[in-house]
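2 protein chains.
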Amino acid sequence: MSNDALRIALLGCGTVGTAVARRLVDHADEFASRVERPVEITGVAVRDTSKPRPESGLDPSVFTTDAEALVRDADVVVELMGGIEPARSLLLTAMEHGASVVTANKALLGEDGPRLYETAAEHGVDLYYEASVAGAIPLLRPLQVSLAGDSVERIMGIVNGTTNFILDKMDRTGEALDDVLAEAQELGYAEADPTADVEGYDARAKAAILASLAFHTRVAALDVSCEGIMSITADDIRAARKMGCVVKLLAICERVRNGRGDQSLSVRVHPTLVPRSHPLASVHDAFNAVFIESALAGEVMFYGQGAGGDPTASAVLGDLVQAARHKVTGSRGPGESAYADLPILPLSQATTRYAIRIEVPDRPGVLAHVTNVFAGQGVSIESMRQGVRRSDDGLATLTIATHAATDAALARTVDQLRLLDDVSTVTSVLRMEGI
Amino acid sequence: MSNDALRIALLGCGTVGTAVARRLVDHADEFASRVERPVEITGVAVRDTSKPRPESGLDPSVFTTDAEALVRDADVVVELMGGIEPARSLLLTAMEHGASVVTANKALLGEDGPRLYETAAEHGVDLYYEASVAGAIPLLRPLQVSLAGDSVERIMGIVNGTTNFILDKMDRTGEALDDVLAEAQELGYAEADPTADVEGYDARAKAAILASLAFHTRVAALDVSCEGIMSITADDIRAARKMGCVVKLLAICERVRNGRGDQSLSVRVHPTLVPRSHPLASVHDAFNAVFIESALAGEVMFYGQGAGGDPTASAVLGDLVQAARHKVTGSRGPGESAYADLPILPLSQATTRYAIRIEVPDRPGVLAHVTNVFAGQGVSIESMRQGVRRSDDGLATLTIATHAATDAALARTVDQLRLLDDVSTVTSVLRMEGI
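One line per chain: the protein sequences are A and B, in this order.
Going by our numbering, the first sequence opens with residue 121, and the numbers climb by one from there.
Going by our numbering, the second sequence opens with residue 121, and the numbers climb by one from there.
So here's chain A without its partners, still in its complex pose:
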């Protein structure tokens, strides 16, 4: 076996890149033992080479602005710049020149994954992205490899730490979303522009990656129905509590079987009522957790930190060791598996349970009219709870939990409720899972 060091190129040197570099430098002997060959950072592409980066532990001479040249001469390229371009072009160039690739770039995978997989396959290199979903939690490899002999039926994941922090805080303190969001921004749990998190776009890209691996089907981010948390009110959280539930933003990927045995997928992100007894309900703060149901293994849960420099570096370095080992032994890990090619259901055909809160006048006949609307759409009511009539407007809150129904049937039900004289307002409609 050659003893030449494996050449590692880093693209980007922010928090994660610095943690990755530091670890590789400080634990060089350990990495050499695990890879069975020394590994060496031959270059780090950055925008500004004049900025001192002592915390990386790297010699200043390895920093370069010429990422293009760097990726043409590496054994493994680690991409931590984020965004679509130039990350995509650089990864494609790297693979075309024989480098294996490690990335944490969920946006790129969600948008153009298949092109990356195909390039990896064509050039016989590895494409790893464990860090792209649920940060430090070893999740994608278990899903892709360990459960490869099983059949995943359903995944429910808390995969966005920012929104979990916000919803958990709202649940604990009763505060309004805007207040908690502002606090999350102060603490660094939410970005100045929180759109990608609170609108669910981040979770959507991760749902696409999870569904692709679990169901052997190409799922792009835009295939995933997505609803964020901005409309969740302190009242919603309070109502959830009364029902013994918490509100979580879940990425849900499930195999759906129709009566003829045909299979399809429902992949969606939305705020969801989860019973407090469910393992996902006790995931607090900015932690992530992914709950998997499979035919043989039953229920399995993975829990840990979803973000942060060190946790993300842990996942990146695990991939790096694996890709480097393969370079040493001349093998490669499993590539894309999309043989099942299942159709993806539109949200309207997704089936779930709902909790609907409406404001109604407290007078005889109202309940009959309301329940008739549900019956007319074939939506079966599981329970109904009427609050106390308020003295100011004479209205009472009615909370209705349904049995499983399609999103389309529910939408028609809500439309009709809105037209009903007896319904003053439809205050909220939330999906329920894990019951």
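Just so you know, the hints here were simulated from the structure itself, not pulled from any lab data.
Don't take each hint at face value.
[As the list claims (entries may be wrong)] In silico negatives: residues of chain A with every beta carbon more than 12 Å from chain B:
{"hint": "1", "residue": "Asp124"}
{"hint": "2", "residue": "His243"}
{"hint": "3", "residue": "Asp299"}
{"hint": "4", "residue": "Gly308"}
{"hint": "5", "residue": "Arg477"}
{"hint": "6", "residue": "Val486"}
{"hint": "7", "residue": "Thr526"}
{"hint": "8", "residue": "Thr547"}
[Unchecked claim] Covered, in the sense of this in silico footprint (three residues per stretch, anywhere, with C-beta under 8 Å from a C-beta of chain B), are these stretches of chain A:
{"hint": "9", "region": "138-150"}
{"hint": "10", "region": "418-426"}
{"hint": "11", "region": "441-452"}
Here the structure is a predicted model, which is why all the values come from computation and not from measurement.
Note that beta-carbon positions come from the ideal geometry of N, C-alpha and C, so glycine has one too.
Place chain B on chain A using the hints.
Same frame as chain A, now just chain B:
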């Protein structure tokens, strides 16, 4: 690529073997897609071929009593017979003849793992054993591969479902161990001879496997200090509850650093007080969970079913797909990694916190005498709680929680307490973790 089917040999056809066979038969197309070659069960070694096994879905002609011939002509051998011999000889023969091997046999790995690893390395085949620890939970591969760039500092695992069922039941109902054990036997959660579970031997073999993978060091079952749950009383559980704790049988594997920066390992199995707020405390019934602390990833937890035919089959089939893929591509997975070769500390040098319950007469000066004993051994007291004096014998229960101390210092402390006139009985000594 050749399209000849890969030849799979099963050794044993009990609950797990039947579930494995059934899945391979019923989902042949799926396995062919995932492996990129058809897989075929060419033989199943059993003691009695005349016994009908329709639930396996296999043709009766594949059953054989000639395991020796079977393993000489297979691509992948799946060993589910358990015990040391003939399993060991058959696996060695299989690997010598070029077959990769999948096993759930923790006893064999705990006793003679290195010989198996060396044979696998020598013949360039895979040796996988995901099912040997925590059944369905994808755990060993994440530990070995996903965390390969990180540094595991500590593992605390509930890896024996039987004892967790018993301790959880005792906590919920206040019943005595003997009663709950009898019930567990009736329900099939405990065997007629429960020794391996309740004495901690099963957990000990699993601790050895976890420590070997996490710390790149050979650890055999007999290197692991082991204490079972038979001495745990309803009073212990009640006292734990008063301290805000539950009692769990934990497999603990930790990296220990001394003042000079030298590293060693402490690997042990014992009943442990765990605070109710710790994620491991909410692992109920016969479920398993493994909590890992590592330098970069922080805290990660894996949770799921630890035993049962289908869950174990899930892990076995994941290994089988991986080994079969490697046969198709001519590669192999990571072999044994024992480069760190860390020394294993004797239990006397393990450092942990303790909760000690003693019976003392309620008279002046007793507390001073008792605390002097601790001080004399350098064991620092964290808290002390005295119960109400009982009218029948004039004694009161004193519960003392210590700061971290070595097992040796604690043992000397307990010896001296026993000699003290002021101490009527040392009722129990339990270790505390996760605080």
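Do the hints match the structure? See the list:
| no. | hint | verdict |
| --- | --- | --- |
| 1 | Asp124 | holds (20 Å) |
| 2 | His243 | holds (15 Å) |
| 3 | Asp299 | holds (26 Å) |
| 4 | Gly308 | holds (16 Å) |
| 5 | Arg477 | holds (30 Å) |
| 6 | Val486 | holds (42 Å) |
| 7 | Thr526 | holds (28 Å) |
| 8 | Thr547 | holds (33 Å) |
| 9 | 138-150 | holds (count 4) |
| 10 | 418-426 | holds (count 8) |
| 11 | 441-452 | holds (count 8) |
When held up to the earlier numbered hints, the structure conflicts with none and fits them all.
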